[in-house]
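Residue strings, one per chain:
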Amino acid sequence: MIIAQYIVVGIIAVVAIGWLLKTYVLPSKKGGNCGDGDCGCH
Amino acid sequence: MGKAINVSLIGNPNTGKTSLFNRLTGLNQKVGNYPGITVEKKEGLCKLSRTLKAHILDLPGTYSLNTSSLDESVVVETLLNRNSKDFPDVAVVVSDIENLKRNLLLFTQIKDLEIPTILVINMADRMERKGISLDIKAMESQLQATVVLVSARKNIGIENLKDAIANYHQLNTTPCVNASSIDPVYFEKLKSTYPKQQIYKLWLVITQDVNFGKLDRNRDLEDLKKNSFKIKSEDDLKRMQHKETVVRYQFINNLLKNVLTVNAAEATDLRTRLDRILIHKVWGYLVFFAILLLIFQAIYDWSSLPMEWIDSAFAKASTLVQNSLPAGPLTDLLSQGIIPGLGGIVIFIPQIAILFLFIALLEESGYMSRVVFLMDHIMKKFGLSGKSVVPLVSGTACAIPAVMATRNIEDWKERLITILVVPFTTCSARLPVYLIIIALVIPDQRILGGLFNMQGLTLMLLYMLGFGAAIFSAWVLNKILPIKRKAFFVMEMPAYKLPMFKNVAITVIEKTKSFVLGAGKIIMAISVILWILASYGYGEQFTNAEKIVTEASINDNLTSSELSQKIASHKLEHSFIGYVGKAIEPAVRPLGYDWKIGIAIVSSFAAREVFVGTLATIYSVESDDGEEETIKNRMRAEVNPILGTPLFNFASGISLLLFYAFAMQCMSTLAIVKRETNSWKWPAIQFSFMTVIAYFSALAAYQILNNL
Chain R
1 MIIAQYIVVG IIAVVAIGWL LKTYVLPSKK GGNCGDGDCG CH
Chain B
1 MGKAINVSLI GNPNTGKTSL FNRLTGLNQK VGNYPGITVE KKEGLCKLSR TLKAHILDLP
61 GTYSLNTSSL DESVVVETLL NRNSKDFPDV AVVVSDIENL KRNLLLFTQI KDLEIPTILV
121 INMADRMERK GISLDIKAME SQLQATVVLV SARKNIGIEN LKDAIANYHQ LNTTPCVNAS
181 SIDPVYFEKL KSTYPKQQIY KLWLVITQDV NFGKLDRNRD LEDLKKNSFK IKSEDDLKRM
241 QHKETVVRYQ FINNLLKNVL TVNAAEATDL RTRLDRILIH KVWGYLVFFA ILLLIFQAIY
301 DWSSLPMEWI DSAFAKASTL VQNSLPAGPL TDLLSQGIIP GLGGIVIFIP QIAILFLFIA
361 LLEESGYMSR VVFLMDHIMK KFGLSGKSVV PLVSGTACAI PAVMATRNIE DWKERLITIL
421 VVPFTTCSAR LPVYLIIIAL VIPDQRILGG LFNMQGLTLM LLYMLGFGAA IFSAWVLNKI
481 LPIKRKAFFV MEMPAYKLPM FKNVAITVIE KTKSFVLGAG KIIMAISVIL WILASYGYGE
541 QFTNAEKIVT EASINDNLTS SELSQKIASH KLEHSFIGYV GKAIEPAVRP LGYDWKIGIA
601 IVSSFAAREV FVGTLATIYS VESDDGEEET IKNRMRAEVN PILGTPLFNF ASGISLLLFY
661 AFAMQCMSTL AIVKRETNSW KWPAIQFSFM TVIAYFSALA AYQILNNL
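Going down the list, the protein sequences come from chains R and B.
The numbering used here puts the first residue of the first sequence at 1, with every later residue one more than the last.
The numbering used here puts the first residue of the second sequence at 1, with every later residue one more than the last.
Treat the hints as calculated values from the structure; they're not laboratory data.
Possibly wrong hints are sitting among the right ones.
Stated by the list, open to error - With a straight-line Cα cutoff of 27 Å, these simulated DSSO-like cross-link-like pairs (lysine-lysine) come out: (1) R:22 x B:201; (2) B:154 x B:497; (3) B:632 x B:513; (4) R:22 x B:674; (5) R:22 x B:521; (6) B:238 x B:196; (7) B:85 x B:42; (8) R:22 x B:681; (9) B:85 x B:201; (10) B:85 x B:3; (11) B:243 x B:101; (12) B:162 x B:42.
Note that this is a predicted model, so its numbers are computed, not measured.
Just chain R, with the same shape it has in the complex (with noise of 0.2 Å):
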């Protein structure tokens, strides 16, 4: 059980530090204005 827990938040670190790089780091492909509250602020 506690292995399995393991697996489950090593993977949820990983999903978390992947997702903050795509949005923060790796250049958006997405052209155009932001202002249709997808400009990734809060």
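On the provided structure of chain R, position chain B as indicated by the hints.
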């Protein structure tokens, strides 16, 4: 009956164009669609004289010939295509007496197409009530056009208009604005390439692609487009178009200065009476200030109860998860990382909703435009425009839409300064930081006979500090930026109206939802990473923390709860995050912070609201005692390890508030500033000067207050 001429009725929306159409055509109307598109086409017949009738086409409402929609492109198509059966012999531009400035932009564009054009000023019956007088003769002479005053509603001036249309051969077709002055070399080349074409028509054909890619042209215009002066990029053409609008408004301003008089003292309608107070040079500011005060008091007073419920619900949820799920890292991550981190944001929903409620009410009622007008001459002194007020006020929600809202500021220098200073405004991401720190270091007392809450006043002062910093920085930038200014101010005051409940509700729900969902994602991600960094470490001190602390505390007579707290603190200090925090501690200690606050500051460089979530996660990991505790209580219990006093005291609290008031901690804003200025130079300058101001003001505040 004799021949029929084509008359196009053109005008801005809500100028009474359709009422005039109905007056002219009566029941002789036909409604259909333009071929191939679902834009309504209204046509009718009007008898002008015994021998002449008019085929009247009511074109869709448009603000200018720079189209942005299918409806508007129909207007441009009709006016550019001389082979069309609808091409007008006479263009009747309908304007409204109260919005002449805006309406005349379209008129000058149509007049420059050298089509016989009549300017109709509708709603003339309101002139007396509004204290408006107009020198028609002078206006006709400066516009080189026929001007007719009408009231479609009261059937005044309609016969004069019919006479003017009937005499269309006598109408002057000379352009009133020289559009080629925006770039004489370019226009000269255009003219020499197409000597037989009308120059302003060519310009419109070329620029319509900038505005509206699918504008369908006839073959003649397509041919022009094939050689459409590729020497200019789309951006250059947009800039030229922008310049054209500025030139037109300069012409309109000069014209109206000479022909239009508005004597507000003579006006008797409600709008004017309200305006007398709301844009008064003394009362106007007092009312604005009183409204701000009301907003900030309401943010505290109305939200305290729901905030307590939310805080306690998240604390209960953490305990529930901890107690009901099997022990292990996932349970700890949920109960110590994700739930407290999210709780740190959800708790601010009531306050953010109240802020947006007031902003939506002010915008919906028409008051916000008065604020823009009121502030213009003050803003100008600081290198800003009256229009900068909208981005600055929008900045209280989020700097990103605020930076984008600067696009309607005509002058580049004013726009750039507004972009650079907008992030000083207190955005909603700062609100959680302010609220929690204020609650910790400012007493919850009422002053001035119980009228004002100290915490509410502090929040208002912080908002004013944000505006003050923005204004002062604008003044400095205005002095040092070597950019030439070409600004003037054009704005229309909308009529006052009762805010529509539906519109206000949608604004509040959408803005709050976007704050919570957007912030939720980043906080969730950062909470997970922080929890892992705070829960794991390396080396003897971390792996043997229990043994080391137990042995060291053997003579301290600690209860089991105190001992486990001490072990958790020791582990945290030697976790991965502990090492990072210790490394940055020397830089933040002079500001009154410990390494945990240092970590929260560093993680909140991504977005400010992460600060509270980070502290909630760090303190949850540290207080590993299973007790139900709120974030505020955990922060209140923190002790400065060197001084032994509460970590969040008045000096360190004010220092933190000042740091967050000035620091540029938002990656998304930097990205949007880069996009709007098309350079990394400006966001780099912005980030540097804001961070320097933040650090040194926080340092000064802590050092002064701590040594008092």
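May I ask which of the numbered hints given earlier this structure violates, with the numbers listed in increasing order?
Number 1 only.
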